[in-house]
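Asks: Chains as they are written, first to last, in the working numbering: chain A, 1 to 101; chain B, 1 to 168; chain C, 1 to 410; chain D, 1 to 383; chain E, 1 to 322.
Source of the hints: derived by calculation from the structure; they are not laboratory data.
Errors might be hidden in some of the hints.
Each pair of labels, with its calculated beta carbon distance range [unchecked claim]:
(1) B:165 - D:293: 28 to 36 Å
(2) E:302 - C:113: 50 to 58 Å
(3) D:181 - B:57: 37 to 45 Å
From the derived model, a few chain E residues whose C-beta atoms are all more than 10 Å from chain A [what the hints assert, rightly or not]:
(4) 8
(5) 225
(6) 226
A virtual CB, placed ideally from N, CA and C, is assigned to each residue, including glycine.
Here is what each chain is made of, one letter per residue.
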Amino acid sequence: MITLSHFMVVSALLFVFGMFAVLTRRNAIAILMGIELILNSANLNFVAFSRYVVGGVAGQMIAVFVIVLAAAEAAVALAIILDIYQKLGTISPDETRELKG
Amino acid sequence: MTPEEIHDHLLDRFGGDVVTGLVQSDESDPKSPVIYDPAQSMIGASAIADVAMFCRDDDALRLDALMCLSALDRGAHLSVVYNLHSMAHGHVAALRVDVPRTAAVVPSVERVWTTASWHEREAHDLMGIAFSGHSDLRPLILPEGWEGYPLRKDYEAQEYYRGMKVPF
Amino acid sequence: MTHPIEAFAARLRTTLAQTTETLELGGRWPEAIPLEGLIAIMLVLLAAVSVALIAVVPIVLVLMERKISAYFQDRLGPTRVGPWGVLVTLADGIKLLFKEDLIPPQADKMLFRLAPYVVFGSSFAVVAVLPPFRSTVIGNLQLGLFIYLAVSSLVVLGIIMAGWSSNSKYSLFGALRGAAQMVSYEIPLGLAALMIVMTAGTLNMQHLVMDQVGGIHRWYMFRNPFLFIGAGIYFISSIAEVNRTPFDLPEAESEIVAGFHTEYSGLRFAYFFLAEYANVFVVSGICVALFMGGWSSPIPGFQALPGIVWFVGKVLVLVFVMMWIRWTVPRVRVDQLMAVCWKYLLPISFVNIVGTGVVVLLEREGWGAELPIGIGHMMWIAVPVVLLVLGLLAFSGTAPVRPRPTTVGR
Amino acid sequence: MAEPATRALRTDTMVLSMGPQHPSTHGVLRLELMTDGEVVQDAIPHIGYLHRNFEKYAENLTYPQIIPYTDRMDYIAAMNNELGFVLTVEKLLGRGPRPVEVPEKAEYIRVIVCELNRIASHLLAFGTYGLDIGAFTPFLYAFRDRETILELFEELSGARLLYNYIRVGGVARDFPPEFHHRLRRFLDYFAPQVDVYDTLLSNNKIFLERTTGIGVLGVDDCIQNGWTGPNIRGAGLAWDLRKEEPYSIYDRFDFAIPVGKNGDCWDRYMVRMNEMRESVKIARQALDQMEERGLLEDENFTANVRGTLRPPAGEIYMRTETPRGDLGYYIHSDGSDRPARVKVRSPCFTALSALRDMSRGLLIADVVAIIGSIDIVMGEIDR
Amino acid sequence: MSLVLFYGFVGLALTSALIVVTTRNIVHAAFALMVTLFSVAAFYVFLDADFLAVIQLLVYVGGILVLVLFGVMMTSGSLLVKLRAPVRQLAPAAAIGVVLLGLLLHVSIGESPWDQFVLVENPDGSAAAAIQGSASERPSLASLATASVRPRLSIAYASTRAQGEGPADRLLEQEVATALIGAGIQRMYVVQSRPDTLNPTRHVVLVEKRVTSLVDDHAEADISDEELASVREAVAGRPVDGFAPAEVSRPEMLLVTGADEKARVALIGDLGLREVTDVRTVVGLGDSVMLGEFLLPFEVVGALLLVALIGAAVVSRKELEA
């Protein structure tokens, strides 16, 4: 029987993987992927809770908003990454230290 | 204007030392006449660029179309013949430059007629005449690193080209 | 908690009942058949239908394309294999089967192998949504149309995967072009489908078709002028979605050889080939279901033949038009392709959506109630007026006539 | 071309090499494209893949032996190549002791044959240009009609593409019986066909979109770049050697020269389409004049020159109008039976030389359209 | 059978997530992300949120991932840059990860508080009462039905056309009846709506002669003509209780009359359970809900998307004049 805790375990793992990617990856786009993973795990939890506990469609609605925001965020992030790549030729977060004092 | 009149026009413009002579057909001996259909005005090697610019820009001549640029191997020396045509007046003329076989250098007329750039590169590839002032004299028809100039009478094909046997 | 199974079994019973009802066997299924038996029957049915579609459809379409293109070009087309060349696609298939599956040297082996399956899979997944029969056997999905849009956006990923992994400039070019084209043409496609959802109020394909039963005047295409233009936009963007001329830039032979499947050969190429023709069938199937009344017959009151015959007939008409366009019209340039989508199709579809919204609102307010025919149909009267006005506008200023070369006598 | 210093940011220009085996380069041309995304920054043509050095052959062969080699240069309009060479030699002989008298029937046969070859060449140009732009069907129609012409040539000269038919002093073989009936039937069939092709491709909205305004070259740029033939007529200059310097008996025919307006791909294409109509007119007039003068029954179709051909020493340059432009032969003879030097001025050679400047800043699809519109044949460029 | 499928997708999601985090080749990471997103969509289907699953497929996999892939292609020049951080950075990150994971797992597996009660609403919509439900078992309908308050119920799918008499149907019928009784509803009419052939915008509504009385154990009785007329009038052509006629065109529909005899229309989706909020049932997420309570947030998010779109275009515009 698939219970709520099944989904919570899965989303926890996804969250940790995403965070690990964000912390360790040396490529801006890989970090972006990490963020996507984190957002997805959050979504999963929202929907799981709305299904098992709260009932109603509020949970799913929040998930839709998160997806939409992720789209907007990805678009702007990629635009910035491309611009950095144009300017500096590299998108690894360590080497882009232009703003450093 | 006939080629001869054009020759005279050039003569009084540039003088004898630049326009060195007119090569005309002479049918004195009916058995073996020598025919030069467009009579050729001999031009000194170094001055060809200015003469060409004059031929194109002078109102009387206005030879704005370079019909054909041919490189010939006349044994003792190499020569480049420019066949010109005027779209406006409709007349035809020919200039000729002779250069010694060893130091075959002719100023480039690329700036006068754009089409000359490929013709000169082809002449350089096949006849070995270097055109000074040409924008990029890379080999056009022959592959890179091909030794010898095929159209010269004394041309010997090289034995190997990059490991491939040449004379089959 | 076994609720999905219960729901599944319940729907299974209803659909089986419907099928037996249509086959006049009296819709009562004995309770004796256990749950597992029902499920087994259902899976067998599903498999039979999908295999039939997967196997038969591309073969017929490939043969149809070669024969029709031949007659357009004043030649005979394949005639050697089988009577009138009917078995030529089988021969092709066998040939591709035995051809060597090359993998280019520094190619990304794993992705290279995976790409054809992604493209092939997502093209065929959409078959589940098609409503070809009167009583849906495959799946009475509440979100049929929406699932179609989602799954058809997966093909883009397969194309990028194929282009990237074959490690050659040409295929990368083709893949990026294809991806850009399909992503941007999804929007007009989606908007056109949205118009139908607005008028019908449901995403379930079977309900859409049932709303169009009863003759050609019931078809959404002719419901109101906005939907008619919507059908046009849908058809154009579906041609772009399937990468066929005049939008076949991803495989523009004259520019980038064969685009993203340049490096593929043998069976993998067969997958791409089948996927393309399956896509053509699926896209025109959806167009028929949405705009041209699915399995209902165009003649009011005459539904003698079973639904599938009407459906496949209409699909073949649409496919014929696609092939007709392919063999007459040249190819569009990349920037013109994007211009058509962003500067022409999108603004028109926005206007259409507003128009359809207005019509739906008026109908809901009950405006059309007392009129003899629906308000949408009444709108068709406005069409000639609009065309007249546009005509006057166009020819009032002297449109720049194409300067024909003058033949100068000498 | 050095990277412009002003561009601070590193653009990822990708070098894409198109050819030598490529469906739209009309033969073995390699185009080195520096592209930034789809936009072409520089297109450097590399030629020489089909170089057999015709000029070296010519120096070691006698004049009649050279004729088959002239076919191999522009293998799509071989008759016109042969005519060019043969007329130049006859002109040189004409100035010498033993001029050659070409019989009138041979002159007419030569004109008919060259105009038919012009139609066949333009048909090929029309068909392949449709393919370059993406329309597949016109190619089939063009080649179906071209087939009839090739069959006529096969009947006449034994070969479909490389004929070796025109000889110094006349032609190799006379018209076979009933040939002129088949020829007339083809001309009557073909005249309305060109209008069919117009409806098929020329006025198609997408074709117009793809070709108008692309690859524009003004008249004086054309002259500078040495463009001739349909390419310069497309730019608006009514320059046709058959009218400017009438050779053989072209002055007996009345035909028009189609001229374009703004020198873009569409105009060059349209000039070729109208030229086909004019060639049909010329061929018909030639046939009528042959019948009026009773030449069909006349036997002598060649002056069959005795002994070895020894034109007088000297240098001569003459040019004729081939489907691709002015084909010039520069012959330097030293009086022997072998020419000392034969230089061929090829129209496609100069047409391709302008490609690099024209294609900067355009898209790849436009470069393909331009190559198709200038109608080049690599055999003639590489020689 | 669905459990096996579920664990399959869990395995798929976790392995591909691992690939996204650890692979050296950025493109492999992108396509592994595709697999992860795909399996998350599958989880949504398991959670009955199929509308959300399709949105995820369309927006996430079809949109954002293609965007990321384009980003990867554009910056592929930097593909070979080392993706692995030096060990100096790996250790602390791994440590944080493990600690966080332990915390989350404890919360999700151990005896966590919210298994204890089911949130229900009082008739006046005020405070939620707690009902001791069995820990992991989803609260069964029966236990809810007896609650005195108006519960948020799930109405099992009841096919009104097939009249199936199989054991599963009987059970479903039973659950529906108990749930409706709990909501104070006595009689269940079966309404069939077919598009009117003459006038396309109107719908002829056939109301079955038989009615199922919920109270005395599903006795089927014919109803009098005037009651039939009243029900037909309640439904045909006029919006009933907030549903426009278009809604009425659905073939499977269940009309229930409340205790106060006011006819209410309940639309039953055919894919398993649907939440019923005070009987004005809502079919999944796709319909009026989005435009109902969540209209304003949707407008705001739409505006935000537009701003992001324009911003991205402006930022990534390559300086042509350079």
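Asks: Each hint should be assessed against the structure and marked as holding or not.
Replies: Do the hints match the structure? See the list:
| no. | hint | verdict |
| --- | --- | --- |
| 1 | B:165 - D:293: 28 to 36 Å | 58 Å, violated |
| 2 | E:302 - C:113: 50 to 58 Å | 41 Å, violated |
| 3 | D:181 - B:57: 37 to 45 Å | 56 Å, violated |
| 4 | 8 | 12 Å, holds |
| 5 | 225 | 40 Å, holds |
| 6 | 226 | 38 Å, holds |
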